[in-house]
Amino acid sequence: MNSTTMPMTAHAAQAAARVERLLAHPRVADWVLLKGLGRLLVNHEPSAVASLRTSLLKMGASSLPAAALPAMAKVLTVTRRMHEGALSAAREGRPVAWITWPVPAAVVAAFPVLVYCPENFYSVANASGGDGSTRLCELADRHGVPTDICSINRCMLGAFLGDELPPPQLCITANHPCDGNHAGNTILRELAPCPHFSMGAAYDRSPQSVATWARSVWEMIAFLETQLQQPIDWLAVERHARLINRLNKALNHVTELHRNAPAPRLINALAVFWRMVAAAAWEPELADGAELLEEAAVSLVERARRKKAPREPLRVVLGDQAITWTDFSAWIWEEYSGSVVSDYIGHFCHPPIDTSSKESMIEGLVLDRLHMSMIRQSHGTMEYTLDELTTALSEYDADCVLFHGNVGCKHNLALRREIEALCRSIGIPALFLDADIVDRRLIGEQALRQKIKKFLADEGLPR
Amino acid sequence: MSATLAELLSRLEQRSRLELNAHARLAHAHSRPAVGVLCAFAPPELIHAAGAQPIRILSHGYQRAELGNPYFAATHCSLVRRVFDMATSGYLADFDGIVLSTGCDHSRRVYDAWRHAECTPRAVHLLHVSSDSSATAVAALEAELERLSVFLRELTGHKFGDSELSRSIAIFDRQRTLFEAVYRHCARLDSPLSGQQMLQLSLVMSSIPVEESVSILEALLEALSGATAQPQSEARRELRFFLASGHFEQVERMALIERHAGRVVQELMCTGAGQHLGRVDTTLPPMRALASRSLRRLSCPHAADELDRRFAFILEGVQAGRCDGVILDRLSFCAIWAAEAFVFRRRLRARGIPVLELEGELGSLGEGQLRTRLEAFAESIRNATSTT
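Chains F and R supply the protein sequences, listed in that same order.
No gaps in the numbering here: position 129 of the first sequence is 129 in my numbering, and each next residue is one more.
No gaps in the numbering here: position 207 of the second sequence is 207 in my numbering, and each next residue is one more.
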């Protein structure tokens, strides 16, 4: 395989490199990228820079404070390296291990193999234009992938069928936390011509479930050692765990700082980190970037306090999975001077990993993965979702909550009645958008914005 | 005097029409608490050992889903929406307890909604089931079954230990052995049993006391020993199919398939062979053995790593039943089964086995469309055969 068979990844690598170069000069980047292009792209989609639009909106575009740019530069470095690694591994035939989100990837990364998370491909696809993930869903449709499967997984399968993924030597999947993952992985294992390991699912975060999951990880280690003919590098596992602890500590704090009014407006930055955490949480630059983001958040909160900055007129909670092909933060900022103060994805609340023994590290890495956004809310009983939402609505001083209402997400759809009741009881208006978060064919950006506008007007928001 | 086959099948047909709540009332009439089970992950032996009667939750005879609609979207499985309607309307009030599982998103969210809505019965238990069948998963399910035992003991007030459990395992294994004999008989070219009758048998077996189903199976096997179907000439031969499905409970749908495509002679359904085949490994401690069977029995695509074994079973069935093709039929919106069907379809086509993929919702047969597809499928097989 050569790199031309992975055009989306090649494009994403080039785009990441360009933005990374620009971010090396934060002041210029602030003017050109955020205040200039970022502001323009909120309401326009010029074809010349269409491929940059989604990536910029995801970073927050004009709503992202300049103080966050050094942190973003670090994430971009890891992103570029991940894309380039995938391209070169495909070109040179180096071993690649596919993993899915819930797999404690830091353990796999302690083997001499490139860790690649195909589930993340929607973000690669959308880095080549806002309809990249939609095109991959269409491709999956054409190959008979059932539309009952969540579009995140259909997009991943479309990427495979379109030769957009580096060929795997191993495939490690966890049929967790939802049917979408389970179904997508079933097809992925069938299509990927390599040995695969399927991890079981811990339903909740009880000590018994965590112990079960940890035993599954020990089985995975045995599988990897057999397949790669190499023992696991425990020093690397420890190094990874320590880096993840640094990363989590910083990003947990950034999340918490959004309780402040005004908030530091770094939710998008957190979500950008989340995407890389899935695939490369152990990269030192990511921990460095997280600490830079924490510094930025602290200074933004301090500055607002010093200046006695008023509360935003609109504080929004995003209550479920983000739409991958667009983003509302910059638009809410431009249109209403409002902030997103809490987000299903960009919400870090990870426990520390105990690095005192191999066993405690494995359990800690398991628990860390179970606390990763998407996985954290998707498993267990409805209280896992409702309790977190209650905290976000009541403690982050929210004015309203928007639910993208991903039509493919069966477990979230089944909570709608309870969520509506919860929002009513707290007195926070809620809007369900009924979008598809990966497949743009269902409803477009303008229609979604119209719905939000109408909802806010009906609710008398902003105050 | 033993009953004739026709009499037995007629009784089965009538019995299969009995509504779900009637089974619960019958259990009470025999002084047994009734425990409803939505998926086959919960071993019936455990419920039986607790002095209760396990009854699989089926929705035939129950047409509504409106009360379930506020809790579940139109894209949720129609079984779940109906079951939730039953729970909120009081239809299940004669049940003493319900056991649900984490087998799929639909099923696990029923448990959530159940706790928050005005549902009856109030006693509901969620069984955590891993999505593979590794040793770790079996050990985890064993611990879960201990938790289920506690729930059942509290529900029935009946203490039971390993000896009671072993006795229950023995009677259910007897039922499985007899069912297997009937199932194998079905594969024969001269078997008089239709897919429709086999489905009726399976549905009845999952609703009545196991002791009674053993008697029915023994009588059926005796009646079958002398009964054969009319031989058919090769030119007018009825087509024969393997049906793979999940929760398949619509006898009318099976009748439609057999009327417009051909006879279903072998199957793998969560409500059929998948539930009733596969004995418990009695060399293991009882709880471990039950956990192992729950994950490694044939039917549920939830056990992801068992897919190859399920597919091998289909191939064996196609060969044993001299099937002309395979019909994959699933409930709409079931992502897990949709993925399984995707894999089966690819593999069957690669082997040159004709395959038809259907989907539908409980309660809406869509007869016209279904008929067209079935006839077209049958026609394509006949054309291919005649060309060959």
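In short, the hints are calculated from the structure, not lab data.
A portion of the hints provided could be inaccurate.
SDA-like, lysine to any residue: derived pairs with alpha carbons at most 25 Å apart [stated by the list, open to error]:
(1) Lys451(F) / Ala73(R)
(2) Lys358(F) / Ala73(R)
(3) Lys454(F) / Ala73(R)
(4) Lys358(F) / Asn69(R)
(5) Lys35(F) / Arg303(F)
(6) Lys451(F) / Asn69(R)
On a predicted model such as this, the values are computed, not experimentally measured, just so you know.
- Query: Going through the earlier hints one by one, which of them does the structure break, listed in rising order?
  - Reply: 2 and 4
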